[in-house]
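Student: Next come the chains, spelled out residue by residue.
Protein chains: 2
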Amino acid sequence: MKKIINAVDTVVTDALTGLAAAHPELRVDLDTRVVYRANAPRPGKVGLVSGGGSGHEPLHAGFVGYGMLDAACPGEIFTSPVPDQIVEATTAVGGGAGVLHIVKNYTGDVLNFEMAAELCADEGVEVARVLVDDDVAVRDSLYTAGRRGTGATLFVEKIAGALAEEGAPLAEVAAIGNEVNARSRSFGVALSSCTTPAAGKPTFELAEGEVELGIGIHGEPGRSRAPAGTARELVRVAMDALQAHLPLSGDTLVLVNGMGGTPLIELYIAFAEVDAYLREHGATAARSLVGNYVTSLDMQGFSVSVCTLTDELTRLWDAPVRTPGLRWGP
Amino acid sequence: MKKIINAVDTVVTDALTGLAAAHPELRVDLDTRVVYRANAPRPGKVGLVSGGGSGHEPLHAGFVGYGMLDAACPGEIFTSPVPDQIVEATTAVGGGAGVLHIVKNYTGDVLNFEMAAELCADEGVEVARVLVDDDVAVRDSLYTAGRRGTGATLFVEKIAGALAEEGAPLAEVAAIGNEVNARSRSFGVALSSCTTPAAGKPTFELAEGEVELGIGIHGEPGRSRAPAGTARELVRVAMDALQAHLPLSGDTLVLVNGMGGTPLIELYIAFAEVDAYLREHGATAARSLVGNYVTSLDMQGFSVSVCTLTDELTRLWDAPVRTPGLRWGP
Chain A
62 MKKIINAVDT
72 VVTDALTGLA
82 AAHPELRVDL
92 DTRVVYRANA
102 PRPGKVGLVS
112 GGGSGHEPLH
122 AGFVGYGMLD
132 AACPGEIFTS
142 PVPDQIVEAT
152 TAVGGGAGVL
162 HIVKNYTGDV
172 LNFEMAAELC
182 ADEGVEVARV
192 LVDDDVAVRD
202 SLYTAGRRGT
212 GATLFVEKIA
222 GALAEEGAPL
232 AEVAAIGNEV
242 NARSRSFGVA
252 LSSCTTPAAG
262 KPTFELAEGE
272 VELGIGIHGE
282 PGRSRAPAGT
292 ARELVRVAMD
302 ALQAHLPLSG
312 DTLVLVNGMG
322 GTPLIELYIA
332 FAEVDAYLRE
342 HGATAARSLV
352 GNYVTSLDMQ
362 GFSVSVCTLT
372 DELTRLWDAP
382 VRTPGLRWGP
Chain B
62 MKKIINAVDT
72 VVTDALTGLA
82 AAHPELRVDL
92 DTRVVYRANA
102 PRPGKVGLVS
112 GGGSGHEPLH
122 AGFVGYGMLD
132 AACPGEIFTS
142 PVPDQIVEAT
152 TAVGGGAGVL
162 HIVKNYTGDV
172 LNFEMAAELC
182 ADEGVEVARV
192 LVDDDVAVRD
202 SLYTAGRRGT
212 GATLFVEKIA
222 GALAEEGAPL
232 AEVAAIGNEV
242 NARSRSFGVA
252 LSSCTTPAAG
262 KPTFELAEGE
272 VELGIGIHGE
282 PGRSRAPAGT
292 ARELVRVAMD
302 ALQAHLPLSG
312 DTLVLVNGMG
322 GTPLIELYIA
332 FAEVDAYLRE
342 HGATAARSLV
352 GNYVTSLDMQ
362 GFSVSVCTLT
372 DELTRLWDAP
382 VRTPGLRWGP
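Quick mapping for you: the protein sequence lines, in order, are chains A and B.
Heads up, the first sequence is in my numbering, so the first residue is 62 and it goes up one at a time.
Heads up, the second sequence is in my numbering, so the first residue is 62 and it goes up one at a time.
Hint data in this document are derived by calculation from the structure and do not stem from the laboratory.
Among these hints, one or two may not hold up.
Pairs involving identical chains hold if they fit within one copy or between any two copies, as the list cannot separate such chains.
The list that follows gives simulated cross-link-like pairs (lysine to any residue, SDA-like), each with its CA atoms no further than 20 Å apart [as the list claims (entries may be wrong)]:
1) K63 / E227
2) K63 / P263
3) K63 / S285
4) K63 / L267
5) K262 / L203
6) K63 / D183
7) K63 / T256
8) K262 / V69
9) K63 / R293
10) K262 / A99
11) K262 / I66
12) K63 / P258
13) K262 / E137
14) K262 / E227
15) K63 / E266
16) K63 / F265
17) K262 / T140
18) K262 / D201
19) K63 / T264
20) K262 / G169
21) K262 / G390
22) K63 / L307
23) K63 / D90
24) K63 / G270
25) K262 / L309
26) K63 / R297
27) K63 / T369
28) K63 / L274
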């Protein structure tokens, strides 16, 4: 294993130190391990808190800022944040209008966010939750009952964040987050394993010329292994899997996401194939993102996430956002 | 070799097809292989054209847009664009105020941009050039007489692009580009080789636990090989090399750049060490970028680029930019 780290047990703290130095517009509490917008809490605004294991950067801390999250709770690599951390973040960003937890569907995350929500309720902070479970690859998996939460988390954080910024009440912000999740599906393909610093060796082995179809973002097994194939073939496997769960038509929002070790030139090749597939099926990539957004350390591969848009979702997607990882508008 | 491609000889065209589909605000000419701002040429504005081998994405095509480039000419992987391509781009974006070529110092790029500039002069388009040669690792190299051009290309494109947007004349835009280059230095470290699609195997081999210090962005050899070491040790090698060429003091602009296969969490760890180093030496990372910007396909590793700032350079760096790869401001 070769990695740009100082020691296995300081990876998350060292990265947060760098995040704080690079982004003075964030407030990073290294003791409690919470990343805040510098101006949180904003009175009267619903607070948005997400979090999960580290190793998926820029998710989640890279999406803290205007129009998206108020705070993020990074756990250790591929390990849920602890309830105390989530309570700290939630109570700090509660501006009197309640707090939305955006939780990817992994057993540890679900339990710890639930426990934190109960503790926050005891302190008088109202908490609602959106559970993201967009990954159609497997029914249950190593760390999950039900579908896994992956790329659509970005869609939920962006769109719910935009609505919260407009001053919508907690119930509405939660409802639109749930709507985005219901309208979104994802599927991932791995060309290589990731290597966690703690393990020091690849989580799994793939033969030369073999890919894992339906990979999870922690290297959990997918549906099957297959010969590597062309970009077109790999994208078609992913899109057929999405299409089986989410009839594709009209305007869609598309994320072609790199797993962390895949160069951008390959992701644009994949996007060309996704775009062609959508047009063949009477749908349009009306909005898109191509890049490394929901990663799995150094894994090579990609995932496709698609959300079927409404006018309201498009409007909220287009609304201004200013975070380290996503930025547009005035 | 496992890559998300359709065929070795369609990599660049397929990626440009994806770029066009993802970014309707760009105009991508697949025949001539030029990527334009949709509204180019802008009468009275100096046009900015850059280009070079593909495989360094988002450089250069990802930096076409308001406040940066008017056009980019992507060559084949790690291969200079041809003169015809550069002529096409230059004459198309010339708005009557002349065109600046931003050229990385590699022999092929230098020759082809020179030939194109002569052809454009024959057609009455005035062309000036900024030659970027920021990489302090080696004096000459495989593809270069003199220092190589790497990460500072992004600084030159951004800052010269901002000045051109304000309506400055060609001589001033070229002068500020040259000033940025003179004030900038870079140094890279590879943890692994890249693999070009055409070769299908790594360009070079590194032993487990070994890194290449002073790597070039095409996998050209650096200064030496060394044991991998910690992030702190690797960053200190890079910063000591920079410091020997560029006395570090006052406000600096810092790019901690991933080579394409390195996850963001490791780049933030590297940035924390760069920031600490600068502070120890009485300098400040007043502005910074952390991410994959000037890549080398799937290579794992990082480079550090530093530019010593003036008030004017800071102002131009902060000016609005709207490109696929870099975006801020209104």
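Student: For each hint, tell me whether it holds in the structure or not.
Tutor: Checked hints:
no.	hint	result
1	K63 / E227	neither (45 Å within a copy, 45 Å between copies)
2	K63 / P263	both (12 Å within a copy, 16 Å between copies)
3	K63 / S285	between (28 Å within a copy, 17 Å between copies)
4	K63 / L267	both (19 Å within a copy, 11 Å between copies)
5	K262 / L203	within (19 Å within a copy, 34 Å between copies)
6	K63 / D183	neither (46 Å within a copy, 52 Å between copies)
7	K63 / T256	both (10 Å within a copy, 17 Å between copies)
8	K262 / V69	within (13 Å within a copy, 30 Å between copies)
9	K63 / R293	between (32 Å within a copy, 14 Å between copies)
10	K262 / A99	neither (38 Å within a copy, 46 Å between copies)
11	K262 / I66	within (15 Å within a copy, 27 Å between copies)
12	K63 / P258	within (9 Å within a copy, 23 Å between copies)
13	K262 / E137	within (17 Å within a copy, 34 Å between copies)
14	K262 / E227	neither (46 Å within a copy, 52 Å between copies)
15	K63 / E266	both (17 Å within a copy, 14 Å between copies)
16	K63 / F265	both (17 Å within a copy, 16 Å between copies)
17	K262 / T140	within (18 Å within a copy, 35 Å between copies)
18	K262 / D201	neither (25 Å within a copy, 37 Å between copies)
19	K63 / T264	both (15 Å within a copy, 18 Å between copies)
20	K262 / G169	neither (23 Å within a copy, 40 Å between copies)
21	K262 / G390	neither (42 Å within a copy, 42 Å between copies)
22	K63 / L307	neither (40 Å within a copy, 29 Å between copies)
23	K63 / D90	neither (28 Å within a copy, 40 Å between copies)
24	K63 / G270	between (23 Å within a copy, 6 Å between copies)
25	K262 / L309	neither (39 Å within a copy, 38 Å between copies)
26	K63 / R297	between (34 Å within a copy, 17 Å between copies)
27	K63 / T369	neither (40 Å within a copy, 31 Å between copies)
28	K63 / L274	between (26 Å within a copy, 14 Å between copies)
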